[in-house]
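**Q** What follows is each chain in one-letter form.
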Amino acid sequence: MTHTKIASPKQDILYMAILSAVVLTMPIWLQPFGAAYPDLMQKFMIFGIFAIGYNILFGLTGYLSFGHAAFLGVGSYTAVWSFKLLSMNVIPALIFGTVLSGLFALAIGFVSLRRSGIYFSILTLAFAQMSYNLAYSVLTPITNGETGLQLTQGDARVLDRMAGIQADASLPTPNLFGIEGIGYSGFYICAALMLISFFIYLRIFRSPFGLKLRAIKSNQNRMGYTGYNTRPYLMTAFVISGMYAGLAGSLLAVTDPLAGAERMQWTASGEVVLITILGGVGTLIGPLLGAGIIKYFENILSAFNDSVLQNAFSFLPDWLAHGLASVLGLFVGDGWHLTLGLVFMLIVIFLPGGIMEGISRLWRLVSSSASSTDDKEKEQPSTKEA
Amino acid sequence: MSEYILDVTDVDKNFGGLRALSDINLRVKEGTVHAIIGPNGAGKSTLLNVIVGRLTPNRGRVLLGDQVLTGKHPYEINQLGVARVFQTPEIFPELSLLQNVMVPAFAKRDGEFKMGFLKSLFAEKEIREQAEHLLEDVGLIEHQDQIASSMSRGDKRRLELAMCLGQHPKLFLLDEPTAGMSRHDTNRTIELLQRIKERGMTKVIIEHDMHVVFSLADRISVLAQGAIICEGTPEEVRNDPRVKEAYLGGEAV
Amino acid sequence: MDAIFLQILNGLDKGGAYALIALGLTLVFGTLGVVNFAHGAIFMMGAFCAVTVEKILTLSVRVKDESVTFFDAYKETPYLEVWFGDTGAAIIDWSVPLSIILAIPVMLLIGIVMERSLIRYFYKRPHADQILVTFGLAIVLQELVKAFFGANPIPQGAPDVVAGSAAIGAVFGLGEAVVYPWWRLIYLAFSLVTIGLVFSFLHFTTYGMVVRAGMADRETVELLGINIERRFTIVFGMAAVVAGLAGVMYTPVLPPDYHLGMDFLVLSFVVVVVGGMGSLPGAVLAGFLLGILQSFSSMTEVKDIFPGIDQVIIYLVAVVILLTRPRGLMGRRGVMES
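First to last, the protein sequences are chains A, B and C. The letter at position 239 of the first sequence is residue 239 when you use this note's numbering, and the numbering goes up by one with no holes. The letter at position 23 of the second sequence is residue 23 when you use this note's numbering, and the numbering goes up by one with no holes. The letter at position 30 of the third sequence is residue 30 when you use this note's numbering, and the numbering goes up by one with no holes.
Honestly, the hints are just simulated from the structure, not real lab data. Misleading hints may appear alongside valid ones.
[What the hints assert, rightly or not] Straight-line alpha carbon distances no greater than 27 Å define the calculated BS3-like cross-link-like pairs of lysine-lysine that follow:
| hint | chain 1 | residue 1 | chain 2 | residue 2 |
| --- | --- | --- | --- | --- |
| 1 | B | K108 | B | K125 |
| 2 | C | K75 | C | K64 |
| 3 | A | K5 | B | K114 |
| 4 | A | K217 | B | K108 |
| 5 | A | K217 | B | K119 |
| 6 | C | K124 | A | K217 |
| 7 | B | K119 | B | K29 |
The shape of chain A in the complex, shown without the other chains (with noise of 0.2 Å):
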């Protein structure tokens, strides 16, 4: 239904130029949201980051990862590491970030790509789960256990001090040769290493190499007949995704140099899945749409609680609106989850396609009503059949 043909360069270059517009724009146009506040517009980009990675893997393959929040967590570990002995620039901590990332994705992959199915996810799980209880133990003296990993005044930063850069009272915060990892600036510097993640990505999608994942997913055992060796693409793809989630992690650690442990739990994994699930797996921008609005919602919602619940009800009789705020209490503030549960039950049982598939859904109900001329012919490649 939506690669059916191939698309030009042109077609992708518009597509980036209005993504980027779209995305360097979002402090202006996120404002009437109330959501055009740095820190979450950070978050927006790195688990924007994280979530076209993992497309790449479950997206493109349809290998269901639960691991993945394991790369994240060593993303993050590295660039305060980089922060701590090598330099507050977040050059060498993305970079090292990135690359251990991969390494440690490698590792995995060799052993989990072995397997396929089920056998695969929890392989992946088991991986990423032991990884957590390492850091939580014996990994204390890496990971400084449940304080989290944090700089200090006496770290060492060696670039740092051979580059004549001295430590004053206040603890240093990361930054691009003087631009702050924090506020807009850090903002800025997510947006444009998502858009460059995004860049090769859709290079990736629109790949002879992009196609024979998808046909992977699509028939494996055919891949094997037609004469690919499918277990090098499968690896090149979970490495590729073990960097994009390393690199999203090194960004947390910019954009609030502290890295924990709990980054790397199944919870954290099965979050990236929701993510991807909710804006449209294998579609391109369906990912970023589901960061976008998973960790908007997360915000919005999470922030209300009973009083502002009774606040806006106040209207109504006191025992309605008691009632009512008790009742939609549930699903906000702490029970933020609840809702993120619900919907995804519902898009998985209802919209198997996510957002992206509603889109197109009401675009072609719109457009079959603009022009009442035989779309049987459009409507047939739809049925999509596992």
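Given the structure of chain A, go ahead and fit chains B and C onto it with the hints provided.
**A** Coordinates of chains B and C only, in the frame set by chain A:
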């Protein structure tokens, strides 16, 4: 180099206690069409599975020209020049017809693995034109942007043919290529296969439809209960009493 | 020697919980072909059945405290004690075992409702979809529990009679010093009995035989004119009851909180995979085996040699098993492999 493109020697295949293939010897000359016929359960598909590397024989070996196929992975065997269409079409249901045909063409050109993930599919003009050409050949060009899963069974078979033909295999194995097709479609497929015959590709066909067999095959092997009971030209096979026995019932043997 | 003996007991104990959860997972997978990520949540809901029962039994009223004579003092006293005195107190003391009576119908109902309203629509969908939807369901269930019971663990007591430890060393000739909590012994016995019941049900009743036949070859059984779907609904309910009871009985061992289910689910899946997808004896065997391995690896002597081994042993075993014996210890060929 021997004059035979496919050389199967003394192949046995057991499944537990069941002997699916025993002492199979099969030689196919380059550029010919060789049909394998026999009743259901005779081991025809098992033999193909052994050739393409899905199954490893318990004994014996398979040569393609002078290269040993036995013990190699299916993808290695394909890269050496063996393509196969299956009894139930093995295509890429979620991809468009054009993409379905492009994927094998890439395998032919790029080998078993090529990274190159920054290259644009759009820039691969040659492969695309080749794929369009193939789709035209099998009469599916007007559906090139449709999703393969939406096609009829007969169309899927023809698509699979196109996918394999795009690899220009030295040896082309066809497992009942016309099963479940209408008379009209069957005739079109025969016509198509006759056309490739002229291009000098070696083909091994499993088929139940004698009309197809006798209009295509140069030689025929008859397989019954895991063994080749007779081999020869269509004329010889047609007149062989053992073949009638095998088809009419085991009690006569 | 004593330490090893205790570790084996410890492991059997933990293994009992793993085995009971894994048994249900396997049963559901084998019969319905559904990968149920919400099974851990069912275990957790069983545990909260016990919490609910205790909450109901200890509904209290403020009563004047007679022992304080200088001024008017009040204390919270459960209605049961007010009405029935010592009998009431005894009932409260036995709240965990009593919860079983409530848990059986409740869990059965939850299981059947779950299967009829959600799971059955996923029989024909890919395993990935099943995983995802049940994962969503698990989140919903655990968040509901969190909303009603709060985020903190709620300790549950075993009845006083069995609250202490058994001098088990004397029985086995290992010396008086070797003691083991009574309740954990009861838990072990309970899990063995439950496993025995499930197996006898499947092997010695016609109903069970049909279910097993359905596990082996669903289509043929359906061709015989047996309504296998309805039986499968019951099987799902049964798996829910088994997991639920395992949860009820586990509460005195580990105070339940809302993420108990998720914690056990990951481990139980590993157990199922190690045992072999679709093999019931495999699930039980692997459950006990991994339980024992885990408790051995948490011995200080072992940890000194392999630091952190206790944290990863189960996953490590799973990885090794999956790579060397993809079918698991006792699994059938080709289950769930594409």
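**Q** Run every hint past the structure and note whether it holds.
**A** Here's how the hints hold up against the structure:
Pair hint K108/B plus K125/B holds up; C-alpha atoms about 15 Å apart against a cutoff of 27 Å. Distance check on the hinted pair: K75/C and K64/C sit about 6 Å apart at the alpha-carbon level, within 27 Å; holds. At roughly 23 Å between alpha-carbon atoms, K5/A and K114/B fall within 27 Å of each other, so this suggested pair holds. Restraint check for K217/A and K108/B: satisfied, since their Cα atoms lie roughly 20 Å apart, inside the 27 Å limit.
For a cut-off of 27 Å, the pair hint linking K217/A to K119/B stands: about 20 Å separates their Cα positions. A distance of roughly 18 Å separates the Cα atoms of K124/C and K217/A; the hinted pair therefore holds under the 27 Å criterion. Taken as a hint, the K119/B and K29/B pair is broken in the structure, with Cα atoms around 41 Å apart against an allowance of 27 Å.
Violated hint: 7 only; the structure is consistent with all others.
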